[in-house]
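A.B. asks: If you want the building blocks of each chain, they are given just below.
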Amino acid sequence: MRRTIGFIVAAIGILAYATLLLVGVPSLQLDDLELPVEHPSNDEQVNRGREIYIQSGCIYCHTQQPRDVNFGPDQERNWGRFSIPADYVGDRPHLLGTMRTGPDLHNIAARQPSEDWHLIHLYQPRAVLPNSVMPSYQYLFTHVNEVPLGSKEVNVPKNWLPEGAKVIATQEALDLVAYLKSLDHTYSVEQDSSQMP
Amino acid sequence: MLPIAAVLLAVVFLVSILALLVLIWSISSGQFSMGPGNSSVIFHRDEAGKVEDPASTHRKRDQLQQLLVGSSRYTTPQPPPEEDDPNSRRQSDESTARATRYLLGSACFWLVLGSFFGLAASLKFNFPDWLNQDYEFTFGVFRSLHLNLVIYGWVSMAGMGVCLWLIPRLLKTTLGSDRFALMGGHLWNAGLVLGSLGLFAGKSDGIEWLEFPWKTDLLFAFGGALIGLPILSAIKRRKVKHLYVSVWYIGAAFVWFPFLFIVANLPIYDGVQHAIVNWWYAHNVLGLWITPFGLAAAYYFIPKVIGKPIHSYQLSLLGFWALALFYSQVGLHHLIGGPVPTWLVSLSIVSSVMMIVPVVAVAINHHKTMWGHFAALRLSPTLLFVVSGAIMYTLVSLQGSLQSLRAVNTVTHFTHATVAHAHLGVYGFASFVLFGSIYFIFPRLSGRNWISQRLISLHYALSLIGILLYGGVFFYGGVIQGMQMQDASVPFSQIVADTKPYLWVRTVAGALMTLGHLVFVGHIWWVWYAPKSKRSFVPIAKEEVAR
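Line by line, the protein sequences give chains A and B. All residue numbers for the first sequence refer to the working numbering, where the first residue is 1 and numbers rise by one. All residue numbers for the second sequence refer to the working numbering, where the first residue is 1001 and numbers rise by one.
So here's chain B without its partners, still in its complex pose (with noise of 0.2 angstroms):
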């Protein structure tokens, strides 16, 4: 044994030396320094200086346009030198639509029914007796259902949709055919359905987050593919000389997601090599497939609605790397303590405290940017999401980093408070800049304007409230659950009994998250089916979709 580990370490040594070599030779050679001018390529050229939220009502558009003009610390953006057709936006958006629209609207059917299955497996918590005669209505069934249908089916969905409409946007150019986006769509929905088919017959593959049958999990592989070669094509045929930030994550999750699903999923592991392969890929899910979404989408519409480039667009480089290297690394933390090799749960301890370096340098730029401009978010929509969801990931991440040190870890592990952890990455940060993106595209999509300003404000309550109930209540009863189990004197039934109030508080926060959204897919709902002259209350003039 002892002689892998010190090849092993030599190896890490070396590696480590040479990533820091490179990382000096790109920075003397000027790699670095594309000063913030390459920043301004989200802009067009009548764009630089105007805010924009399709997500708002002209009167607040109005407001926001001379809130942030006429603040002193605004300043215009150049648009960058290879600013061509003032059409090209138009086309780009035209481009996506079909396949945006297929991939949200899927999305959205799948948080719905997956909120409900969460929120049916939290209430059998409080009802053990509750729907206990069929194997498909049990607890067993209602959790993996929960985790996949938000993950693959919400999550997932709605990041690939968000992410192919970005991209035209990003590049200056148009998808080509959305041919191949469609097709891998209808094959990821056809793996959601016949997942779940497969969850409620009992054919469940038996590991967290991989519960689908692996057969289904094919569907999965071929559709993320089909859907990233349209996004690779475009990349290729790009009207921009610069590859802005967004498009460095979104290239990046489709060349992960594969590479992660098919190692993890092949049938060669057993036993406790199993777990670990178990705990790489689902920290790396979160870390490389649906963080980049997330990223991606704060770093192109924070900046976009307030019509003003990010603070620092270097360090947003310097962020994505380090992602990639320390994120990699850290799914072994889940197995602190158990029997595991020592130096593989170290490894993965000293990554997550590195995660520290791509979070803060995320942090600076997303807080930098909005700084003195906060006054904006009652203003928009889109905004009031984005920005509160990137708030929650310095949080969440800055967190997770502490979580993965031995001495919190001991308590906090096998805990509630992992799961309120969990939520609060993928919902406090994912799912709400989810949310914000879809209220900025959508208007874009349909040419459509929101109905109620009123039912977004009560969509974003009731997720907020949720979210904090969620990882602030029943993180704190995770956390007294954890203190009681590392107390031998403290019996295990009571720590069961004196859970129960925290586990109705997560009944409340997840019927909070369910009624918001509703609330959410309702206004879509209500926004595409009512008559003309009721959707169009503040048209979009079609001069404005073109700009």
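For reference, chain A alone in the conformation it holds in the complex (with noise of 0.2 angstroms):
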């Protein structure tokens, strides 16, 4: 090949042609999809929870995609149905993760709905899950002596505790329970939104 020009055309073409099938045709396949009626909608303290799960970086331990019986038994495992494409409509950054040290989170307000327990796991996952290798997320919190009026108190194990320790909840923390409290995609969804071609 002698033709430095042609073979920098050839190149990017064949780039180009990947990039049409794999980024453009899917874009045209997804473009009219709307968030379905009953997912919940987003508040402002949610928006921030969710600015806080990517920070702390729990894509790199949690997915939020549960499969389809065909290919696992998350649904067997009470993770919830398969999720779908309109699941995330308006998601940016997407959070769909690749990975599960530990378990999927698409629907981990269902399965458990107390804000205690979450503020509880965030400050120490080991006091309520003994084999969990989570990091305990305490920046997120705040020891003090005596409890302020108006904070949330953590009802954490003493023995989890420095002593005489109490332990708030800080905005973040609480913002983060928030999102995790708002990832409910149980609404049922036709069988068929599965198969998409």
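Honestly, the hints are just simulated from the structure, not real lab data. Since this is a predicted model, take the numbers as computed values, not measurements. Beta carbons are placed, not taken as given, at the ideal position from N, Cα and C, and that holds for glycine. Warning: the hint list may mix true and false statements.
Stated by the list, open to error - Chain A residues, not near chain B, derived (Cβ > 12 angstroms throughout):
1) ALA109
2) GLY150
3) SER151
4) ASN155
5) GLY164
6) THR186
7) TYR187
Stated by the list, open to error - To give an idea of the chain B side of the interface with chain A (calculated C-beta under 8 angstroms), a few residues:
8) LEU1008
9) GLN1133
10) PHE1139
11) ASP1205
12) VAL1255
13) PHE1259
14) VAL1263
15) VAL1272
16) LEU1325
17) SER1328
18) GLY1331
19) LEU1332
20) PRO1339
21) PHE1492
22) LYS1500
Need the complex rebuilt from these two chains, each delivered in its own frame; the hints are there to steer you.
C.D. replies: Encoded structure:
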């Protein structure tokens, strides 16, 4: 091959073709999707919590994409129905994840609706799940001697606390829990929608 | 929905037929029949049939020469007819010395830093309550810093440095001015520094492989283009009639990267579409940016060290185009079983399997060239690293094709096996080839020899044991994890508990590799700052540099 220009054009052409297939056409196909009416709408606090979820790197260990029964027993594990593209309309960045060091969180709100549980779990995962390898996100909490009026005390078991200390949740922790409590996609969808061509 | 799929199938079918016709045409019209002669374009007149490894010692080089020239398999390559100035190689090397030194030096810095963040991230699984009071020290920060620093800091900068150094040698010309390359290097480093600060400040874009804030990403796009410019201009001013296959890989990589990087950073995607673009990008940056660097270096250093052209040159060109065609479409196998259109996943699985074609083409070339010469590995550090990397490339690529098959993927998906696979590729293949290349290049850049062959061997041993533990034992742990996840009767908390020993294996593997990097970079440091008497204990003669 002696012609440099021809070579460059061919190299770009091949990648452009792949991009058309893998990026262009799916865009067209997924363009007219709408969020299902039952999808919970995100308020300000949930959106802030979503930012904390991103910052804390939750996606490195948690997916948000339960699979169909043909791919794995996700439903038997109580992680909810298979997800469909419409569940994610408007999500940027996407938080599908690719790793299950921890469980799938697409329907964590339905599974675990308790705000207190989430706060304790974030402060010290091993206080509620002894086997957990999740880091304790204590930077989202403050240690105090007396709980100030209007702040949220977290009822962490004594043996996980420094002597005499009490734990209160920062706004970030409450936001993150608000986001986790918004993750409920248990509304029913037509079976057909999983069979996207 | 259906019409789109139908139109698409027709398009894919037509393009495939067209590609087949082009292939048949190019074979019948003699485009491929360039003969092995063209592959000796990498040799200068008096290099034909001479071994070269500046990383080795005089005594070992003599043994290597004897071993290879004494061998009956050995044939003296014919230097191509356009060979001219015997001084040109020295001029080539000198024209890139400053910029290469800058890029490789930066890469080494990021390698050490990136390794420590990786090790710390791994330790956080073993000690989940370690460093949990400040955001800057959380897992999310360490994990994203590790990925971005080793990919954009270490592999990219080392790859660009090695390729920048190869280009004038391969084209028998000089770089012209190294100003653009240096400027590009500065911008690239600025991107890494600002990007890292952004991550510390919690400004992650939240997309795997593209965590750096998009504003700092602009610096990479410009920096990469600035480094690519002198390379493309050197190709224009080439003094060889034929472009060696390494030039193809390097030239294409610098064309592909901006394309990928810009399309992936466009702020127009959301939801599932964003996930699709994410994995299209993440896999392409491996296949069309990092892999070309590794292959370009391996295609140069293996034949150069043993002084013998590669086995089948035509095959290498076929391998190049097949890589471009198939690798660009494999990314979506990361979303098998996810909420994405089925046809898209199928397309990626087919392409992943078709990757066997370029991989086997490269494997035949690398391994057949080395065949019968494996004894040479103990005489040449460059060869040892590069050939290990090439073997790892074959293994990890075939593993990747297998892992994309649905039956295998349902097990390995979402597990540590995927992480182990990624490390086999980026570390076992790309980093090993780059280590070998730097061992070759550094004495030529600095005019100084490596001080200790033992330190080189130590680095090799640490890195090899590290990656074998990571890609072997930790991978096995991931497969166990995947099989348990497929079995609903095993509670999830049990699966987590069972991964713990393997997470320790990963930490040990990471510690070994990090230690290896300290040995490697420390050695470079020592050579560079040692008093003259020490570092030149086996001096490289000026004439040898000129050869």
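A.B. asks: Against this structure, judge whether each hint is valid.
C.D. replies: Taking the hints in turn, this is what the structure says about them:
no.: 1; hint: ALA109; in the structure: 18 angstroms, holds
no.: 2; hint: GLY150; in the structure: 24 angstroms, holds
no.: 3; hint: SER151; in the structure: 19 angstroms, holds
no.: 4; hint: ASN155; in the structure: 19 angstroms, holds
no.: 5; hint: GLY164; in the structure: 18 angstroms, holds
no.: 6; hint: THR186; in the structure: 15 angstroms, holds
no.: 7; hint: TYR187; in the structure: 15 angstroms, holds
no.: 8; hint: LEU1008; in the structure: 6 angstroms, holds
no.: 9; hint: GLN1133; in the structure: 6 angstroms, holds
no.: 10; hint: PHE1139; in the structure: 5 angstroms, holds
no.: 11; hint: ASP1205; in the structure: 6 angstroms, holds
no.: 12; hint: VAL1255; in the structure: 5 angstroms, holds
no.: 13; hint: PHE1259; in the structure: 6 angstroms, holds
no.: 14; hint: VAL1263; in the structure: 6 angstroms, holds
no.: 15; hint: VAL1272; in the structure: 4 angstroms, holds
no.: 16; hint: LEU1325; in the structure: 6 angstroms, holds
no.: 17; hint: SER1328; in the structure: 3 angstroms, holds
no.: 18; hint: GLY1331; in the structure: 7 angstroms, holds
no.: 19; hint: LEU1332; in the structure: 6 angstroms, holds
no.: 20; hint: PRO1339; in the structure: 5 angstroms, holds
no.: 21; hint: PHE1492; in the structure: 5 angstroms, holds
no.: 22; hint: LYS1500; in the structure: 7 angstroms, holds
In this structure, every one of the numbered hints holds.
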